[in-house]
Amino acid sequence: GAVVSQHPSRVICKSGTSVKIECRSLDFQATTMFWYRQFPKQSLMLMATSNEGSKATYEQGVEKDKFLINHASLTLSTLTVTSAHPEDSSFYICSARAHGGPRETQYFGPGTRLLVL
Amino acid sequence: AQSVAQPEDQVNVAEGNPLTVKCTYSVSGNPYLFWYVQYPNRGLQFLLKYITGDNLVKGSYGFEAEFNKSQTSFHLKKPSALVSDSALYFCAVRPAISGNTPLVFGKGTRLSVIA
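The listed protein sequences derive, respectively, from chains C and R. If you read the first sequence in the working numbering, its first letter stands for residue 1, the second for the next number, and so on. If you read the second sequence in the working numbering, its first letter stands for residue 1, the second for the next number, and so on.
Please note that the accuracy of each hint is not assured.
Simulated coverage check for chain R against chain C, where a stretch passes if three residues somewhere in it have a Cβ under 8 Å from a Cβ of chain C [stated by the list, open to error]:
| hint | stretch |
| --- | --- |
| 1 | 25-38 |
| 2 | 46-59 |
| 3 | 102-112 |
SDA-like mimics (lysine to any residue), calculated; alpha carbons at most 20 Å apart, straight line [unchecked claim]:
| hint | chain 1 | residue 1 | chain 2 | residue 2 |
| --- | --- | --- | --- | --- |
| 4 | C | K41 | R | P7 |
| 5 | C | K41 | R | A87 |
| 6 | R | K49 | R | T101 |
| 7 | R | K49 | C | T105 |
No lab work stands behind these hints: they were computed from the structure. We put the beta carbon where it would ideally sit given N, CA and C, even for glycine.
Sequences and hints are given; from them, build the entire structure.
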């Protein structure tokens, strides 16, 4: 299957700092990328959907000024957690889908564990 | 709105025995159905999907799933479980319409295969 990478895999930061997470599709062009958040022992919660070159669409309750998403190219999307606080600590997972519509499989990155002290 | 139900939080099975992880869905129109597996501290790995055609779908690692439209189910099965199959399994659905509709996930079922 297709490969999606995320960097970093783990990050620890101080409260008030900003953290950038990169998501790359390595062997396909991802016209659509999704960002999820997963709390321990829970399912994935969709945060936002982004298309290359367009503004991201955020799910209800997700602050767009807090979680900045940039989908600058067909292989790269970034999520920046601005002014991070301890409650932002979580497992963040990106997902990418090639052009082809809803039949296409969504492939997931390995996740980034964020710990805000 | 679409939704996915995985009625079992945990499934325990002995190694070598068949396993079933249940999933039912609700969606407007025809569904596209997916199964993913998640190992500890990892992202999700794609196992298989149903788009159209044969109701029995075969996927990675010997897993298969059967689409049952009348029961709106898409149960995941494997004839003989391995200890290495122990993981968290997610069923997901997306309506078969155009656009960027995201996957909707079930809450997950933890499979434990006991040697």
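Checked hints:
Coverage of the stretch 25-38 of chain R by chain C holds [criterion: at least 3 residues with CB-CB distance below 8 Å; count 3]. Only residues whose beta carbon comes within less than 8 Å of a beta carbon in chain C count, and the stretch 46-59 of chain R has 3; three or more means the coverage holds. Proximity of the stretch 102-112 of chain R to chain C, defined as three or more residues with a beta carbon under 8 Å from a beta carbon of that chain, is established by the 6 residues found. Our distance criterion of 20 Å between C-alpha atoms is met by K41(C) and P7(R), whose separation comes to about 15 Å.
Annotation: proposed proximity of K41(C) to A87(R) holds, straight-line Cα distance about 12 Å (limit 20 Å). Between the alpha carbons of K49(R) and T101(R) the distance comes to roughly 16 Å, so the proposed pair stays at or under 20 Å and holds. About 8 Å separates the Cα atoms of K49(R) and T105(C), which keeps this hinted pair within 20 Å; it holds.
Against the hints set out earlier in the document, no violation occurs for any number.
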